[in-house]
Amino acid sequence: AGVIAMDPDVLVLDEPTAGLDPQGRDMLLEQISAYHRARGSTVILVSHSMEDIARFADRVLVMNEGRAVMLDKTKNVFARGRELEAMGLRVPQITSILLTLREKGYPVRPVLTVDEAVEELRPLLRKGGAHHAQ
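For the sequence shown, counting from 1, position 73 maps to 1361 in this note's numbering; every step adds exactly one.
If you are wondering where the hints come from, they were derived from the structure by calculation, not from laboratory data. Be a bit skeptical, because a hint or two may be false.
Said to hold, decoys possible - Straight-line alpha carbon distances no greater than 27 Å define the calculated BS3-like cross-link-like pairs of lysine-lysine that follow:
no., residue 1, residue 2
1, Lys-1392, Lys-1415
2, Lys-1392, Lys-1361
3, Lys-1392, Lys-1363
Please model the entire structure based on the sequences and the hints provided.
Here it is in structure tokens:
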């Protein structure tokens, strides 16, 4: 709280949700997001939770063995889900499902949330999956 009162230009949080239950984690992340929106400050969130990163981050820096290996918009990083998995990082479950569909020939774009997946899959479901690449 003392650091936030100083209104820093950059706030670095290392695993701030560690040890919290799901409700507490969501509440804290919402507060961090509200702080970012209200102040316009840069928030650097260090986390192993790809679900949280997908929900809250605008940009993602992926480190592997002490090196920066990816830096891009969140959606672009998670579109490289198989590369992330090869580094031992799990992509959000819904992202993994749509990446698998894409690999099987379905014309879907990478998504980060269930709501995005619904919008992406709706045209396929209406046509009974007729767009599937044979």
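Open item on the list: Which constraints among the numbered hints does this structure fail? Numbers only, ascending.
Closed with: none
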